[in-house]
Amino acid sequence: MILGIFQYIKRQTLYYLESFGELVVFGWKGSRSIFSRPFRFLEFVRHFEFIGNRSFFIVALTGLFTGLALSFQVYLGFKIVNATNLVGPVVALGIARELGPVLTGLIIAARAGGAIAARLGSMRVNEQMDALDVMGVDTFNYLIGPRILAATISTPLLTAIFDFFAMFGAWILVVFLVGLDQAVFWDKIAQVVKVRYLFEGLFKALVFGYLFSIVCTFKGYHAKGGAQGVGEATNQGVVNSMVSIIVLDYFLMNLIRLFYYVMGIQD
Amino acid sequence: MEHAIVLKEVWKSFNGNDFVIKGMNLVVPRGSLMAIIGFSGTGKSVILKHMLGLYRATRGEVWVLGQELSQLSHKEMVEFRKKFGVLFQSAALFDDLTVLENVCFPLVEHRRDLSRDEMIKIAASKLRQVGLAEEHFFKLPSEISGGMQKRTGLARALALDPEIIFYDEPTTGLDPVLTEMVDDLILSTHRSRPGLTSVMISHDLHAAFRLADYVAMLNAGQVLLFGTPDDFFNSDNEIVQKFLAKGFKKK
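Just so you know, the protein sequences line up as chains A and B, in that order.
One point on numbering: in this note's numbering, the residue at position 237 of the first sequence is 237, and numbering is uninterrupted.
Adding 267 to a residue's 1-based position in the second sequence gives its number in this note's numbering.
Hints in this document: simulated from the structure, not taken from any laboratory.
The reader is advised that the hints may include incorrect statements.
Using 30 Å as the maximum straight-line C-alpha spacing, the simulated DSSO-like pairs for lysine-lysine come out as follows [stated by the list, open to error]:
1. A:Lys194 <-> A:Lys79
2. B:Lys289 <-> A:Lys224
3. B:Lys275 <-> B:Lys349
4. B:Lys316 <-> A:Lys29
5. B:Lys349 <-> A:Lys224
6. B:Lys275 <-> B:Lys289
7. B:Lys350 <-> A:Lys224
8. B:Lys350 <-> B:Lys388
9. A:Lys224 <-> B:Lys342
10. B:Lys349 <-> A:Lys29
My request is simple: use the sequences and hints to build the entire structure.
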C-alpha cells in the first residue's frame, strides 16, 4: 500500500518533470525562432494586433473598475485609522507592482492565450501543421516565434494601459465620490511612488506575456485527438498559464527585492 | 529501374518496445503511380510520414530521390521537402486564406524571385489545371465544397512543380461521385507531367487497382505483397485474397 503510494508519487513526479523539460525545450526553440530567418514581420503585426489591439477595451474596462473597487476598500480601511491621505499611494503601489501586471497577465492569458492554443490545436488536428512541414515551412518560425514575440511585447503595453485606467478609476472615486482633496491625492502619490515601481510591474508583465505565450503555444502545438483534443489543449493552456502567472509573481517579487538588495537600492 | 523512394529494413517504434513498422523494405519506381494499401493499423500513414521525413526510422534507411533522409539536418530537410507535394485527407487548407492565397502560399515561401503577379498567374494556372473555376478563387475554404477543397489542395501540392506527389487517403469520406472525380484528377495530374512520381495511400481498392502502376500491400508492419494489380489478382496469398474480397465486396 505505502509502496504503491510512493510509486505513484514517483511516476507523477517523473511525468511532471518530463513535461516541464519538454516545455523548456519548446520555449527555447520558439524563442530562438524569433531571431531566425525569415523574420515574419507581417505575422508578428497580425498577432500583435490580435493580442494587443483587440484586448485594449477589456483591459481598460477591467483596470477602471479595479481602480474604483480597490481605492474604495483602501479608503474604508484607512478611514478607521484616520489615514485617508495615503489612499492614493497605496492604491498606486498595489496597482503598479502587483495588480496591474498580474490581472493584465491573467486577462490576456485567458483571452489571447486561449485563442492561440485553440488556433494551433485546430491547425494540428486538421493536418495544417503537417501541410506546413511538408511544404518546407518551419512551423516554429512561422507559427510560434511571432506569437511569442507579439505576446511578450504587448503584455507590458497593456499593463501600462491597465495601470493608467486603474489610477483614473481611483482618482474618480477618491476625488469625486469620496471627496478627498485632489492635490493631496496626487502629491502623496508623487512622494511615495517611484518610476522604477512602474518598470517593476512592466518587467513582470513582460515575463508573464512570454510565459503564457509559451505555455499556450506548447499546448496547442501538441494537441491531438480531434475537437476534444483542441478543447483540452485550450483549457490546459489557459489554466496552466493562469496558475503559472500567480505562482511566478511571488518569485519575481522576491527576485526583484533581491536585485534591489544586491544593487544597494533602498526599497 | 530507377527508384524515387527506397526503404531499407525500416523499423519504427514510438515507445521503444512495440514496433509499428518491422523491417520494411519497399521501392517506388521513379515516374510510377504507386498505391499503398492494407488493413487499418498496418502502418500505411506511418510509412508515408517516413517518406515525407516527418518521422525518423528507429532503425533502417529511407532514401528519397537519392538522399538518405536521416542524414539531413532540420534545415536541410525543410529545403528538401520543396521537392514534395502532398494532398492530405482533409485537404489541410489554411482556413484564414482564400483559395488563391492557399495555392500562392508555397510560392510566397519558396519563390521569392517571383513577383506577386507572377505568383498569382502560376497559382491561377494550377487551379485551372485541377478544374476549379475562377469564381471560387477568392472564397475561403469554408465557403467551397469538399471536392473543391480537394482540388485546391492538389493545386497547392502542384504549385512548386514537385518531383513526388503524395496522396494521403484522398477519397476517404467522399461520396462515389466525388471519389471518381478525385481519382480522375490524380490520374490526369500524374499523366500531365512525365517523370512525376505519385504515391497514394488508400483504402479504396477500386481506385488503387484502377490508377496504380504498382501496389504494395502492408500487413503487420511489413510489405506483404508488392507488384502490379495483376500480381494481386493472381496471388494465392490468403490475406491478400481476404483483403481483396472484403474491399471489393464493400464497394
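Hint-by-hint comparison with the structure:
no. : hint                  : in the structure
1   : A:Lys194 <-> A:Lys79  : holds (25 Å)
2   : B:Lys289 <-> A:Lys224 : holds (25 Å)
3   : B:Lys275 <-> B:Lys349 : holds (23 Å)
4   : B:Lys316 <-> A:Lys29  : holds (22 Å)
5   : B:Lys349 <-> A:Lys224 : holds (26 Å)
6   : B:Lys275 <-> B:Lys289 : holds (11 Å)
7   : B:Lys350 <-> A:Lys224 : holds (28 Å)
8   : B:Lys350 <-> B:Lys388 : holds (21 Å)
9   : A:Lys224 <-> B:Lys342 : holds (25 Å)
10  : B:Lys349 <-> A:Lys29  : holds (23 Å)
The structure fails none of the hints (numbered hints given earlier).
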